[in-house]
Every structure is written in structure tokens, then in C-alpha cells.
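Visitor: Okay, here's what each chain looks like letter by letter:
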Amino acid sequence: MLSLYRPGTSPVHRARAGLKLAGLAALGTGLFAVPRIEVVLAALAAVLATGLLLGRLPAGALWAQVRPVWLLLAGLFGFHLLVTDALTGTVAVLRLLALVLAAAVVTATTRVTELVAVVEWLLRPLEVVGVRPARVGLLVAMTLRFIPVVAERAARIREAQAARGASGVRLGLLVPLLVQVLQLAHTLGEALDARGADDVPVRRPRRA
Amino acid sequence: MRWGRPGAGAAGTAPPLPRTDVELREVTHAYGDRTVLTGVSLTLTESRIGVIGANGSGKSTFARLLNGLVVPTAGTVLVDGLDTRTQAREVRRRVGFVFQDPDAQIVHPTVAEDVAFGLTNQGVPAGEIARRVDEVLVAYGLDGHRDHPAHLLSGGQKQLLAIAGVLVMAPQRVVFDEPTTLLDLRNTRRVARVVDGLEQDVVVVTHHLELLAGFDRVLVFEDGRVAADGTPAETVPWYVARCG
Chain W
638 MLSLYRPGTS PVHRARAGLK LAGLAALGTG LFAVPRIEVV LAALAAVLAT GLLLGRLPAG
698 ALWAQVRPVW LLLAGLFGFH LLVTDALTGT VAVLRLLALV LAAAVVTATT RVTELVAVVE
758 WLLRPLEVVG VRPARVGLLV AMTLRFIPVV AERAARIREA QAARGASGVR LGLLVPLLVQ
818 VLQLAHTLGE ALDARGADDV PVRRPRRA
Chain Z
71 MRWGRPGAGA AGTAPPLPRT DVELREVTHA YGDRTVLTGV SLTLTESRIG VIGANGSGKS
131 TFARLLNGLV VPTAGTVLVD GLDTRTQARE VRRRVGFVFQ DPDAQIVHPT VAEDVAFGLT
191 NQGVPAGEIA RRVDEVLVAY GLDGHRDHPA HLLSGGQKQL LAIAGVLVMA PQRVVFDEPT
251 TLLDLRNTRR VARVVDGLEQ DVVVVTHHLE LLAGFDRVLV FEDGRVAADG TPAETVPWYV
311 ARCG
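In the order they appear, the protein sequences are chains W and Z.
Heads up: the first sequence runs through residues 638 to 845, numbered per the working numbering.
Heads up: the second sequence runs through residues 71 to 314, numbered per the working numbering.
Keep in mind that the hints were calculated from the coordinates and are not lab data.
Among the clues, some could well be false.
What the simulated footprint calls covered on chain Z by chain W, stretch by stretch (three residues with Cβ under 8 Å from a Cβ of chain W suffice, anywhere in the stretch; the number is not a length) [said to hold, decoys possible]:
(1) 153-163
(2) 174-181
(3) 185-198
(4) 232-239
(5) 259-268
Under 8 Å between C-beta atoms, here's a sample of chain W residues computed to sit facing chain Z [as the list claims (entries may be wrong)]:
(6) Phe714
(7) Glu764
(8) Leu781
(9) Arg782
Where is the CB? At the ideal position from N, CA and C, for every residue including glycine.
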């Protein structure tokens, strides 16, 4: 989600974010409720058709999301070979694969602001108990924004430590990273003030 | 390369803006027991104002006082008569602020979403937001990156995005806190050209003295006080001589 959105005008891109998220939830529920190989294969085919044909996403974009979980899928299959059987393992692996691909299709075709708007809509009933959906939405967006920033700063600290002779994973990374993150948070707070985050929040637009 | 007098509305986001005057009356500011500004009294009416001085001289605190990010421990800061202590929200609508590190200023994951952030906070209608975001992205050469993740932009592009996110809100004066310190020469020149073309009044805190050549006024800070105040021709050589 951090950098997965691929601009486009396909029907999948134009579909409402809430609909896509609801579809994703329904797919997950359905695949676990009906653990049959033909259902899982049909779901996988439907997800691929939605992403590649309807969404016009390049196959590489979807594969890039599967690659990080490939070992997990292989391990899951191996586990099932040991404790259940090959068919159950195949269903489990294909089910997870279908869900990973479906999530990739949703994130590749949906802007963060649209996803945040859905989160805010879902939280709106909680306004009566004092929850401010716009603030929660901003929190979600900022979390996505700052994960790579913090990762980059951690990498810089690791490099600095390595340049001075440190090697391997070190707990010593945590203290300087924490200090930098706190400094970043302080400036970020100022930036939010400067950009009017204190103003009365209004509903966010679906598209910028 | 200079940040000179304003040209015709670079971003084209709004009609010509009224001037914003800032007045500091006997302003002192301390962080705990460390006093960083002492008894500063100034009236800022010029369009192009530079602020220079050694690290720790009080420049950044001074800059933050101008739009109410920092309120003085003693004394008063008035922006068009508005007290930053009690009317900070209105002051911040008039005075924008660009930070040294754009990574700390960009709050949304993608470019267009981040530019829209301030307008959304102001309650601007969605159609108007889309129009103004498009204008600003084109004006600053970011239209080809509108859906790109902000963290994948270059340092110069990030600073342009940070500037765009402020200017889209059409402030009347913009305060820049060392906007080129983290940039290479090419991007420094790029940001300088952007600032040079701004219709808004600007206050620029910088260590790049050559950028102040076309400015109306330069303030030199030293130990929390204004040590020199005049034209660039008067103040910059004096500061350079002080630095040895």
C-alpha cells in the first residue's frame, strides 16, 4: 500500500473503494467458509481476471506482492503435507494466494485517500462516543506515509554504525532511531499545525 | 541565482494577495531555562526579508514566531494586528511555513493527496481542491508525479512538494526555514527560482548568502538578538566579516 497504487482509468480503478474493500472481505470470508478446491480455483481465476483484464494491471505488479510471501506459502504447503494431506495443503495455499492477490488488486487500484475515506465512514457511528473519524483517517494516512521514512532513517543509522565498525543487527540501532523519530514527530506536529490540522475537520474528498 | 522581487503569480492559485505586516514587540523566548531570543522588536513590512546568523543564534525560533508555531515567553507578535498567542489559527492562514526537512512536512503518502491536505483542513469544496491541486502541481513541475509515493521523490522534488502544499493554501506571507540546506546545487537553484517567482511576501532563513542578493532587507541574528538590520549590501558583508 505504501507505493502500490498504479494510476489508471479501468473499471476497477473507478469502482468505489468501499465496494472493493467489501468484496475483499466477502472473498476472505467465503474462501474460509467453503474450503473446496474448485471454489478456491474459481476465486483465484476471478481475482486474476479482475486484476489483469478488468484492472489492466501488469502481471509483474501482482507478482511483486506474491514474491514476499512465496516462502510462507511453500512452508504452509509443506506443513500440510506433514500433518494433513496434499489436497488440504493446496486449498490452503491457493486460498492465501487468492487473498494476497485480491489485496494487491485493491491497493493497486485505490488511492490511499479513498481507503481512508472508507475507514472514516466506518467509524462515523462512533462519533457519538467522541471518536473523530477524520483524525483516525489522518492517523492511518500518516502511518502509511511514515513507515518508509522511518525505515529510511533506520537504514541511515545502520550505515553510520557499519561505517564505524558495527556489524550485524544491533539493539544499538533503537536508541538513535527513537531519538530521530521523536525529533521527526516534533517537527511533524508543528507542520500539522502550520497546515491547519487544528481547523475544524471536514469530510475528505474521494479524489484529490 | 537570487531570490528577488516577486514576479507575476507563479502558482496561479489565487488572485493577487494583500500584504501582510508582522510586528514583534519586545519578544523574548526561552526553552526551559535557555533563552534563545531576547527583547526583539521589529516591524516587517518588506516583501523579501532574509534572516541569517550562526547556528543557535535564534533564527529558527524567530521564524516560528511569525506564524504562531512558537508563542513568545514574553512580548507580543502581531500579524496584521492579530496576536499569534490568541489568534494562531487565523495567523496561520495568512502566514505559511516551509520547514527545512520536507520529510517532516509531507503527511500523506502520495503527492496530490498531500497537496490537498491543507485545503481539506480549510473546508474547501472538493471540486475547488481538485482544481487548485492541479494548478499547483503543474506550476511546480509535479504533475507527472501526482499519484507517486512521496517517499520515492528526490530531495528537491520533496521540497517542491512541501512548498506546493503550503502555497496551495494561498497564504499572504511564506516563511522558509532553511529550505535549501539539505539540497544539492541543482535543487537549491530550482527551489530558489520557485521562491523568486512567488507573489507572496517571504521571509527566508538561510545559510546560502548568495541567495539574498535581491532581497529588500536582511536581519542578522547573534545570541538571540538582531545584531544587524539593513539591505543585503549592508548586512551580508558585515556578517561575513564577523564570521572571520
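Visitor: Hint by hint, say whether it matches the structure.
Guide: Hints versus structure:
| no. | hint | in the structure |
| --- | --- | --- |
| 1 | 153-163 | holds (count 4) |
| 2 | 174-181 | holds (count 7) |
| 3 | 185-198 | holds (count 9) |
| 4 | 232-239 | holds (count 3) |
| 5 | 259-268 | violated (count 0) |
| 6 | Phe714 | 33 Å, violated |
| 7 | Glu764 | 17 Å, violated |
| 8 | Leu781 | 5 Å, holds |
| 9 | Arg782 | 5 Å, holds |
When each numbered hint is compared with the structure, violations occur for hints 5, 6, 7.
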